[in-house]
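Asks: Okay, here's what each chain looks like letter by letter:
Protein chains: 2
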Amino acid sequence: MNGAESLVRTLAAGGVEVCFANPGTSEMHFVAALDRVAGVRSVLCLFEGVVTGAADGYARMAEKPAATLLHLGPGLSNGLANLHNARRARSAMVNIVGEHATFHRKFDAPLTADIEALAGQYSAWMRTSTDSRTVAQDGAEAVAAALSPPGRIATLILPADTAWGEGGPIAPLPPVPTRSPVDEERVRAAAAALRGGARTLLLLGDRAVRAEGLLLAARIAAKTGARYLAQTSNTRMARGAGRPPIERVPYPVDAALKALADYEHIVLVGATAPVAFFGYPGKPSELAAPGSTILTLAEPHEDLIDALGRLADAVAAPQRVSLPSAARAAMPPDGPLTPASIAAVLGALIPEQAIVCDESVSTGRAFFGQTHGAEPHDWLQLTGGSIGLGIPMAVGAAVACPDRKVVALQADGSGLYTVQGLWTQAREKLSVLTCIWANRSYAILRGELAAVGALNPGPTALDMLSLDHPAIDWVAVARGFGVEARRVSTVREFADAFRDGLKPGPYLIEVVVDA
Amino acid sequence: MNGAESLVRTLAAGGVEVCFANPGTSEMHFVAALDRVAGVRSVLCLFEGVVTGAADGYARMAEKPAATLLHLGPGLSNGLANLHNARRARSAMVNIVGEHATFHRKFDAPLTADIEALAGQYSAWMRTSTDSRTVAQDGAEAVAAALSPPGRIATLILPADTAWGEGGPIAPLPPVPTRSPVDEERVRAAAAALRGGARTLLLLGDRAVRAEGLLLAARIAAKTGARYLAQTSNTRMARGAGRPPIERVPYPVDAALKALADYEHIVLVGATAPVAFFGYPGKPSELAAPGSTILTLAEPHEDLIDALGRLADAVAAPQRVSLPSAARAAMPPDGPLTPASIAAVLGALIPEQAIVCDESVSTGRAFFGQTHGAEPHDWLQLTGGSIGLGIPMAVGAAVACPDRKVVALQADGSGLYTVQGLWTQAREKLSVLTCIWANRSYAILRGELAAVGALNPGPTALDMLSLDHPAIDWVAVARGFGVEARRVSTVREFADAFRDGLKPGPYLIEVVVDA
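If you read the protein sequences in the order shown, they are chains A and B.
Residues 1449 to 1963, numbered by my numbering, are exactly what the first sequence covers, in order.
Residues 1449 to 1963, numbered by my numbering, are exactly what the second sequence covers, in order.
Next comes chain A alone, as it looks inside the complex (with noise of 0.2 Å):
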């Protein structure tokens, strides 16, 4: 038994289960590995983007971490963009990077990058092993620092020789450490300003925006009178009837500004004090209203489900709570595809147990209002503000739960970064719906000219914002990876549309949106 397939053995009696993979010349002992060990499901990717997001969409629906394989520097700087935004979702990973050889490296050989330098910056753990016989050590290690909450990157460097040379037994998975109790005083603090009388704002992020953490806040809510938001991004928020609707702090600063204005405590459960997310001429980028006070009452590592009990227990939050009953969206009359109708037809056709990936950018800003009566749901969002995540992520939520619809939510200009993702999809034959919203534009940044005061941008300008000349065909592309797909320009095409996609595999639907 060679280096790799130690690794690749031990990496399997950890849990991990898939190996999202474009592979190189350095890769190969590992790849012929996964041959020979039952269990490690292979996902070929035609692009590391696709590759990183996927394995971020997979452990944010499998909760727990799967593989990545990437070849050399350049492979892992292409995946890098997604695990920026994987490490802003706090996803678990364990990225195996082929190195050269450890003879060769010095040679400088084309291929050749600091590799540590470029995966330090997103890796939680890292190590470049120096020995075939402990490699299977070394992955051990990873996919533990993975598992550790809330969820981490680890990254392998594997020289080809300590894939190819005689390896070590398999090595054990070693304890995880588990989520931490948060100080009793962090409960009192905010339990008192919760009481107080004060207008309070329970800010959730990571796991309290699933269904658990949001019945808690709602029933705190229910007590003191507090409110509770969501972050603006979020890794999955449980949605849809029977759930506490929950919005989150508004994209623009102004909103912003406005939705924390009345607030004077902030307790943060899960989430971070909320800042804007770019810095703008003249406007402040801390969003909370100045003299308030934020109270953390759980980081995300912690045990923040226990936490808001614990905090529930405090105010004597009562065990039940009614809650609002967002009505279903009615199904809107036929007409123009607006932001507004889009999201009539999503709040009336999500399919039960639906896992949403939103990259909709623009698009999407009024779809939860008509969502929140939606059948329920899980909605995961882009984290990092790193566009190019929602089709990987797609690839691999519909990889974790193959028996539920995956529906990517989908801006086209953002789209475009890792539309090679659809061929992945087409290969699997991915449970994944995906409605592109043709705007043809970059159109968030028209307002963003305006927002940082490049006010009368010309055509030059206004230019490089166009996606429109030529319009991207949608179907056409989609079809040359090997998805079914069909234009809309109405709200009934759309609506049919959605309703012939949620079969079985993969279905895109290019929507032309009047903008």
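Take the hints with a grain of salt, since some may be wrong.
To be verified - Below, in silico cross-link-like pairs of lysine-lysine (DSSO-like), each with a Cα-Cα straight-line distance of 27 Å or less:
| # | chain 1 | residue 1 | chain 2 | residue 2 |
| --- | --- | --- | --- | --- |
| 1 | A | K1706 | B | K1554 |
| 2 | B | K1877 | B | K1951 |
| 3 | A | K1554 | B | K1512 |
To be verified - With beta-carbon atoms standing in for the labels, derived distance ranges:
| # | chain 1 | residue 1 | chain 2 | residue 2 | range |
| --- | --- | --- | --- | --- | --- |
| 4 | B | P1907 | A | P1781 | 49 to 55 Å |
| 5 | B | R1489 | A | G1690 | 52 to 58 Å |
| 6 | B | D1962 | A | G1690 | 54 to 60 Å |
| 7 | A | D1962 | B | G1953 | 28 to 34 Å |
| 8 | B | E1932 | A | D1916 | 17 to 23 Å |
| 9 | B | D1948 | A | D1962 | 37 to 43 Å |
| 10 | B | A1565 | A | M1779 | 49 to 55 Å |
| 11 | A | T1938 | B | G1817 | 56 to 62 Å |
| 12 | A | T1938 | B | A1659 | 56 to 62 Å |
| 13 | A | P1952 | B | A1659 | 55 to 61 Å |
| 14 | B | D1948 | A | G1953 | 33 to 39 Å |
| 15 | A | T1578 | B | G1901 | 16 to 22 Å |
| 16 | A | G1690 | B | F1551 | 26 to 32 Å |
In case anyone wonders, no lab produced these hints; they're calculated from the structure.
For each residue, glycine too, the CB sits at the ideal point set by N, CA and C.
The hints should help you fit chain B onto chain A, whose structure is shown.
Replies: For chain B alone, kept in the frame of chain A given last:
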């Protein structure tokens, strides 16, 4: 005039005529400034790997830097792989990477990353601007750094408030160093080796493989009996009728060892000592014969044409040499498309002054022999081994040389990394004929599996090298991005399509290769 405008005007004054861009919020003032400054053409790309690859192709042909415009750390990350290639090509480039406003950085907003840590891997010059009044000066120094021989990557990180704040005066271009002459001692040593009767190889790289350098090498060889070879991967080679035919050090290790086995001296002229692309079990990394000596005549940043001229004088080389007359390849008979028949079609049909952007990988190994006698052309290769350069490089070459035809020879697996570049070809109506070698696999890796000793691969391993289910419909993908396209599977069809594709504008041929 704000900082961004002072910067754009300074870039223009420094000779920068093109900006390949994929902007975001933090770059909006730079984009707006492009409206107000004549002489800088902005070229929108759908993905940052296209941006940096295009800038590489541009620099190789224009012999001066383009600017790139990249959005924060994640945008830069997406461009890193082609920066890796550009650094190995020694291409000049001025990257402008937007950054959060200085006052915003400390809040760790979602897109925050350590841009310097990432850019530093590939930048010979790097600076983060600190003041809008000195941004212009920063930009002028960046251009001068990029222009420094042999061509360097300069990265200017531009916090948003240094773009929108009041700018300083336009800064003049600082003095740019010229290529330094090599010491006479090195010329004498090379001449002594050449005259000593031992078998000697001139190993050429960088500018030495352009027309002037090749002719000098041919003259020296005619006098001394030395041979000359190019490096395996070259930034830009002058080829075709009237140019001295030159072969390259083969990619496979065994072939490379054989090609170099007979030489007692290797004289490096803009080349580096030959090393294997990868390390393999039981094979050497260094390719020169054991016991041979390696002499450096000139390094890439030095005046290697001058050095070759002095060497020619030192060995009393003849002023004129009769070049081996490579015949133009005859059009092969109709039949299946194999690497050999493809090569013959190319040899017959590559048009005069074509710029060949070659990312053919395994399919292309036979191309050189059949194209020595083609019409005179330039041949650009993948220098850093990071696949996904071909389509972007063609974009840049076409922008640099609008009066020449770009012929992109593109492996299918590699082309899928940055396929979005086709859209920029359509948008800018670039004269690029792309030939996709559709062998529907990572064919090179089949050989590499054996080369690294991973023998008897099973179905899982082989499946990870296959792009065949589903086969990618390149015609559909190209049309989706607005590029006319056609699929061919015989020699006659390929030749017909190739002739058709020589008309102005972009065109793509999916060449179904009999693997």
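Asks: Each of the hints needs a verdict: does it hold here or not?
Replies: Going through the hints against the structure:
1. Taking the CA atoms of K1706 (chain A) and K1554 (chain B), the gap is about 23 Å. The hint holds against a cut of 27 Å.
2. Using a Cα cut-off of 27 Å, the hinted pair K1877 (chain B) and K1951 (chain B) holds, with the two alpha carbons roughly 11 Å apart.
3. For a cut-off of 27 Å, the pair hint linking K1554 (chain A) to K1512 (chain B) is broken: about 31 Å separates their Cα positions.
4. Hint check: P1907 (chain B) to P1781 (chain A), Cβ distance near 53 Å, so the stated range 49 to 55 Å holds.
5. Checked against the given bound of 52 to 58 Å, the beta carbons of R1489 (chain B) and G1690 (chain A), roughly 56 Å apart, stay inside it.
6. Between D1962 (chain B) and G1690 (chain A) the CB atoms are about 58 Å apart, so this pair conforms to the stated range of 54 to 60 Å.
7. About 31 Å separates the C-beta atoms of D1962 (chain A) and G1953 (chain B), a value consistent with the hinted range of 28 to 34 Å.
8. Separated by about 19 Å at the C-beta atoms, E1932 (chain B) and D1916 (chain A) satisfy the suggested range of 17 to 23 Å.
9. At about 38 Å, the beta-carbon gap between D1948 (chain B) and D1962 (chain A) stays in the expected band of 37 to 43 Å.
10. Taken as a hint, the range 49 to 55 Å holds for the pair A1565 (chain B) and M1779 (chain A), whose Cβ atoms sit roughly 50 Å apart.
11. Restraint check, T1938 (chain A) to G1817 (chain B): a C-beta distance of roughly 58 Å satisfies the suggested window 56 to 62 Å.
12. At roughly 60 Å, the beta carbons of T1938 (chain A) and A1659 (chain B) sit within the given window of 56 to 62 Å.
13. Between P1952 (chain A) and A1659 (chain B) the C-beta distance comes to about 59 Å, which sits within the given range of 55 to 61 Å.
14. The hinted range of 33 to 39 Å is satisfied by D1948 (chain B) and G1953 (chain A), whose Cβ atoms lie roughly 36 Å apart.
15. Between T1578 (chain A) and G1901 (chain B), the C-beta spacing of about 20 Å keeps the proposed range 16 to 22 Å intact.
16. Judged by the Cβ atoms, the range 26 to 32 Å given for G1690 (chain A) and F1551 (chain B) is violated: they are separated by roughly 44 Å.
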